[in-house]
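Residue numbers (my numbering), protein chains in the order written: chain P, 573 to 1031; chain U, 573 to 1031.
Hints were generated in silico from the structure; no laboratory data involved.
Model, not experiment: these values are computed from the prediction.
Just so you know, same-sequence chains aren't split out, so a pair can sit in one copy or run between any two.
Simulated pairs of lysine-lysine, DSS-like, Cα-Cα distance not exceeding 27 Å:
{"#": "1", "residue 1": "Lys726", "residue 2": "Lys671"}
{"#": "2", "residue 1": "Lys864", "residue 2": "Lys726"}
{"#": "3", "residue 1": "Lys696", "residue 2": "Lys668"}
{"#": "4", "residue 1": "Lys905", "residue 2": "Lys971"}
{"#": "5", "residue 1": "Lys833", "residue 2": "Lys934"}
{"#": "6", "residue 1": "Lys833", "residue 2": "Lys886"}
2 protein chains.
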Amino acid sequence: MDLTNSQLDALREIVGDRLSINESVLDQHGRDESAFPPVLPSAVLYPKSTDEVSRILSICNSELIPVVPFGAGTSLEGHVLPLKGGISLDMTEMNKVLKISAEDLTVRVEAGVTRVTLNNLLSKEGLFFSVDPGADATLGGMASTGAAGTTTVKYGSMRENVLALTAVLADGTVINVGRSTRKLSAGYDLTRLLVGSEGTLAVITELTLRIFGIPERMSAAIVRFNSLADGVAAATRVVQMGINVARCEFLDPASIRNANKHSGLTLPEQPTLLFEFHGSPANVESDAQSAKEIVQEFGGSDFEWTSDEGERRKLWQARHDAYWSNIHLYPGKRIVSTDLAVPLSKLAEAVQICNSILSKHKFPFSIFGHVADGNFHCMIINDPTNHSEHDEIRDVTHKMASRIIALGGTCTGEHGIGMGKIELLIEETGESAVSLMRKIKRTLDPNWILNPGKVLAIE
Amino acid sequence: MDLTNSQLDALREIVGDRLSINESVLDQHGRDESAFPPVLPSAVLYPKSTDEVSRILSICNSELIPVVPFGAGTSLEGHVLPLKGGISLDMTEMNKVLKISAEDLTVRVEAGVTRVTLNNLLSKEGLFFSVDPGADATLGGMASTGAAGTTTVKYGSMRENVLALTAVLADGTVINVGRSTRKLSAGYDLTRLLVGSEGTLAVITELTLRIFGIPERMSAAIVRFNSLADGVAAATRVVQMGINVARCEFLDPASIRNANKHSGLTLPEQPTLLFEFHGSPANVESDAQSAKEIVQEFGGSDFEWTSDEGERRKLWQARHDAYWSNIHLYPGKRIVSTDLAVPLSKLAEAVQICNSILSKHKFPFSIFGHVADGNFHCMIINDPTNHSEHDEIRDVTHKMASRIIALGGTCTGEHGIGMGKIELLIEETGESAVSLMRKIKRTLDPNWILNPGKVLAIE
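Whole structure, please, built from the sequences with the hints as guidance.
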């Protein structure tokens, strides 16, 4: 919807000149890292406090103005696109790190602080925040989408690392949920209800996060396999044996090929596993040794191991390139990234299914992922200007998701439902559970103003 | 409420002779391990399937019959007491382990399976389920109360270990939430909404749980301190340094004294820390060594370490006695257990506050807890026949909880709100958040039939 002048005036009374209707600003807030075509908001507001967010929502709720929270715009599922117009609530001016509690291993931040900014501050005290989705997202955005990443196997996702939240409900009510304690059993877990709710239930304004001491030593290892199935089976066994892996990533030959081209590497174009271990010098050596013994049972070859910082980064270069090499190698193309996850025992089969489906189409693709968590991404290259390709891509990705759901998997391990997987959510979890989600949505946001059209179809 | 004959007949049509109105059966379902006086249900039903639970709830919802799910009756907060009468839904005949997926590190169970039964089965395959609240509770009960325990510091609580649930809503609707995958980002986290909801939002009938491989080696360590503050500070530093502790427990001198009397031990009656480490032989030795170096900086003395199974159990005897020794040393008395938790930096202060408040009263008490998680229990001995003591105990425990909440802590780290902490929940999280919990309760259970009077005051 478009905003009337009196609505704009009422909002300006709260944020003053931190309201923009400048075309380029609107345009910047109408897109994310997903493949969905842009949709512009009518205005962008930059609140500076929870109180301002509360007053803004109070007006929007009365006036039925849709509100879409916006962080760094790095979402992969169209989360920040204002499908029904209204305002984009840019949280990046709420960017204060409020309190680092080194002794408690917690930090309190405003929602607009980004992950890298936080870690730069924390590193001075020998601490770090563990969730690493790749992009330099805001922490509010990461909580909203329930972000995860390469370190989730050891440290958990946002779900495990958000201890407490301040959030604003659709009618402007401010709630404080959770506690800065490491354990909590007091009442319904509203923290976990909001984490991953994709901005559809409340606007998160402040977060208390778990942090960790930077490990005394980190080591990395790389190993290659003759077949995908061997590599996946080896990674699965490492997890099953309780080896304390901090990261465990799989790259298919196409991902290695991309990295070789992109970074001038000469890595063998074979299914590859990368490991990282965190702990004392004795522990990381023992963990790497245990992993080596296991992967060799599955035909893993050329096991290389290092705890040298520079060497470690080099070993992991191919993984860092896995996403970005696609962008650089295919200029003008867009990348659709799937986010399927399955129980560990189904992983080799799941990747084979996707490989086989994708091989029947003309799109270049590569596959990599968080193998120790059973979560993998297919990067599918296509032409944004060709509409028949859009339909074909949608058909292919839905077909893969349906097969994975039938295997007991999920259509999204860490990216979220956003606007493209609403039907898949029903297919996966059933009408009854989705109907309950709708009831909860109606309870928290009766006017359906918060990020309409995400997670659930608009009523 | 009492049930009419026609209501009883309708329920008997579903469960046949698995409905009891026998006095001793009712009596057994009117109490738990808490200090609350018994309240009897009008009937006890023993469903054998999700479908039976669905049909029972459908009738109860139409007839406005309260329903209280019952597992092993080991709750500490009066969770299973049918405050408004109605039926007790005893889940112990739903006791099948449906599927052990060793490769996936998951298991699917019916809600009435107990923790020890499950672990006996899993151990044959070299696997274990990690959450250990002490009592041999049912897994449905543990999920409902969001149970945790000594291993939570490494493996998490029920919140982290329940992957998926089948549950029945108040109107009989069956929902499947969550997925057997290790990561999931599909829609609202209904799993975590039900875990810890204490039977007030739905009846859990089946669960998919994360399991782990039994560690190759376990080692244990014991160390004593001159002061409580030193012991707590040492434990905190061990956590901060990222030492991979599997358990880390604190015992005060009174707890040691109880254990000495109870088990004929001769342990020094000093503040004591117990550690357990899980991993490869090299890792558990390195972890114990690192812990030793740290605790010695805080004056920890007589550090003993072992990886011998028998010795390990002996070292931990005092911790196993911490609860049960009270029951045996004070026959005829009842024990009230608090469940406070604070951020790590406040733990020494919090324990001192409780120690000081309790010392002003006549009740024998001891304090122990999950120090690495900032969660500790005060065991307060009192006379169940003396009503003035009841009031005094309630005043003391509420006073302690208020002080802990003011410190940024919680009134319950792992036992739940139950019937005794409803006001404390409001004090802790605020009217706005509790009001939202009430709205969610009304949405899921509009007739307020599910475990009324727990978590939230009856409307």
